[in-house]
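J.: Go by the hints and put chain G onto chain V.
These protein sequence lines map, in sequence, to chains V and G. For the first sequence, the positions run 5 to 295 when my numbering is used. For the second sequence, the positions run 987 to 1318 when my numbering is used.
Don't read these hints as lab results, they were simulated from the structure. Just so we're clear, the structure is a prediction, and the values are computed from it rather than from any experiment. Don't be surprised by glycine CBs; every beta carbon is placed ideally from N, CA and C. Heads up, some of the hints might be wrong.
Derived Cβ-Cβ restraints for the label pairs, each shown as a range [as the list claims (entries may be wrong)]: (1) G:Leu1065 with V:Leu43: 43 to 51 Å; (2) G:Asp1176 with V:Ala240: 39 to 47 Å; (3) G:Ala1212 with V:Gly121: 48 to 56 Å; (4) V:Ala240 with G:Gly1259: 22 to 30 Å; (5) G:Ala1212 with V:Leu34: 44 to 52 Å; (6) G:Glu1208 with V:Ser197: 43 to 51 Å; (7) V:Leu34 with G:Leu1167: 19 to 27 Å; (8) G:Ile1302 with V:Ala26: 45 to 53 Å.
The primary structure of each chain is shown beneath.
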Amino acid sequence: MSAVATARPSPARNRPSLRRQASRAGRHVLLTLLSIATLFPVVLAVSTALKTSQDVRVNPFGLFSSFSTENLVTAWTVGDFDDYLLNSILLSVPSTVVVVVVSTMAGYTFARLPFPGRSVAFYLVVLGLLVPFFTYMIPLYFQLRSIGLLDSLLGTNLVLATTGLAFGTFFMRAFFSDLPTELEQAARIDGASEWQIFLKIMVPMVGSGMGALAVFTFLQNWNNFLVPLLYQPNGAYRPLTTGLYLFLGGRSIDIGPLAAGTLITILPVVVLFVALQRQVTQGIVSGAVKG
Amino acid sequence: MTDTRAVPDVASAGAPPPVPTPASRGVPSGRYRAPRATRREQARLGVLLVAPVMLLVGVFFLFPLLNAVYYAFVDFDGLNSAPPFVGAANFVEIFGDPKVWAALQNNMVWILIGTAAPLAIGLALALLMWGVRRGSVFYRVAFFMPYILPQVAVGVVWGWIYDPIRGWLNRGLEVVGLGSLQTGWLGNADTALYAVLGTAIWATSGFVFVIFLSALRNVDQELVDAARLDRANSLQRLWYVVLPQIMPIFLMVTTITLIGGFSVFDIVFVMTGGGPAGATDVLGTYAYSSAFQLNRISYGTALALVITVLAVPFTIALNRLQRRLSLDGAGA
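For reference, chain V alone in the conformation it holds in the complex (with noise of 0.2 Å):
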């Protein structure tokens, strides 16, 4: 390096770019250790879910120290996880796209639609946002018990596509307040209802923010294990989540296929996330930010 600055003419004027050039090596190094450590626990999980159990039994935590997919077929066959893995695209799927038709629907309305009474009714929704889920989950196990709701499809989609409608209509509403009013306005000289308006003109517009919120939901109601454990009590449709839990509450010590199953469970989140990891962190900083 130095070799370099000597030989240069004028060795005053580069060294600054010299050192900038090094801060920027050191900077890549820090990061890629930062971001192998951060990893560490995914790789672990991996490695685990990868070994022969002969291997688990004697060194369960050493990286790839050998290679068999029979952890994930015993997690797989006797584990369950193959109903698991539909019930949770059974229950993340129908609530997911509840939540974003829904809260593009209030977000639009809160934003554009005055009405008496509107703010009464945005505060009634938003006040989901400071309570915990916690606070009211008692209460509602003993109702969806008395209307029947329990075990169901039906009742746990409907709990998990509310505990995100606060969000999404917060989140929904910010993007239409961002929108102009000139075009709505040009097409109502044009002649087009209010509902057109809303179809035709609005929602294109927010395509970007309900693929974001499509995304976070998803993730969310993926990962929600509570609320399948609570209402879900016999296990009808138990999730990968819940199925891992219990799995956890029951047979720790079997560390393979708990690995395999633990393998299972975040791989849809992870390749989810890798692939549209702009349209996530956007969503979640846009959704943190715009209020």
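T.: Then chain G, alone, in the frame of chain V:
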């Protein structure tokens, strides 16, 4: 995912149609008033469009919430269809219950460390990545990943890291010659809370990092360069130039993590369930075990209500402060 939700902007809820949000602050908010027929049509569509959200929120949130208030004033064991009214007895018992105070103390530890550490780590990572272009997607994915993983899976894997015999933490300590510090991290009452907290910090820092990273993008680089020319060192530049510019965001993140400290539940529930012997019980897990394991439904519900009420003033105060700062033009 950890429960870090946005804080509602309560102040602008009642505003008329073109609601000026911080994002559209530059636009003069000349009130647009539509003709009467249009307003009537808008109101009709509005009522129609909010009907589903009101129905769902009413049935699956507001009604059980009101029921929670009712439960708190009766003595309900889960079976009795006409539970006796007990007035404020549940609340009186809460204030005299040493386990509640122990749990509250754990919440306080959680609020202090669980807010300060992710803020420091997230800010440090964001500053480290500020201006880095190459590889930024990889770094962002890596640092943010813990936040989007299911807490159950996180709890399982960190349980292995904290394993008393073969866990990586104890093995690592041995390698660096600190073998005397080895312990069963989650089984030892003195360390369990901090072990769980460590996992939570790992998960939350990525969230804070991503928010700060996007806030730094709006920091006026010329001011930073000017300070550099004035021979301000990097700490001074951070303190006097960068931090004031991201203050609203800083307060917003503080609010979110702070409320998270009151309402923490999932990660403790998964990793220790409040044990060993209540050492990691926070208000949320204590309320849960009172209700579901001891069948003291009313007592657990009353406690959950107390937690909610405790968190609200913090939210509102910090929200106000944040609003005032961002209205001062400090660029949110």
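J.: Against the range 44 to 52 Å, how does the distance between the Cβ atoms of Ala1212 (chain G) and Leu34 (chain V) compare: consistent or not?
T.: 27 Å, violated
J.: Is 43 to 51 Å right for how far apart the beta carbons of Leu1065 (chain G) and Leu43 (chain V) are?
T.: Cβ of Leu1065 (chain G) to Cβ of Leu43 (chain V): about 48 Å, so the range 43 to 51 Å holds.
J.: Note whether the CB distance of Ile1302 (chain G) and Ala26 (chain V) lies within 45 to 53 Å or breaks it.
T.: 48 Å, holds
J.: Starting from the range 48 to 56 Å, see whether the pair Ala1212 (chain G) and Gly121 (chain V) falls in it by beta-carbon distance.
T.: Given a distance of about 52 Å, which is inside 48 to 56 Å, the answer is holds.
J.: Per the hint of 43 to 51 Å, is the separation of the Cβ atoms of Glu1208 (chain G) and Ser197 (chain V) within bounds?
T.: 49 Å, holds
J.: Holds or violated: the 39 to 47 Å window for the beta-carbon distance between Asp1176 (chain G) and Ala240 (chain V)?
T.: 41 Å, holds
J.: Taking 19 to 27 Å as the hint, is the beta-carbon distance of Leu34 (chain V) and Leu1167 (chain G) inside that range?
T.: 26 Å, holds
J.: Between Ala240 (chain V) and Gly1259 (chain G), does the beta-carbon spacing fit 22 to 30 Å?
T.: Holds, at about 24 Å.
Hint 5 from the list above is the single one not met by this structure.
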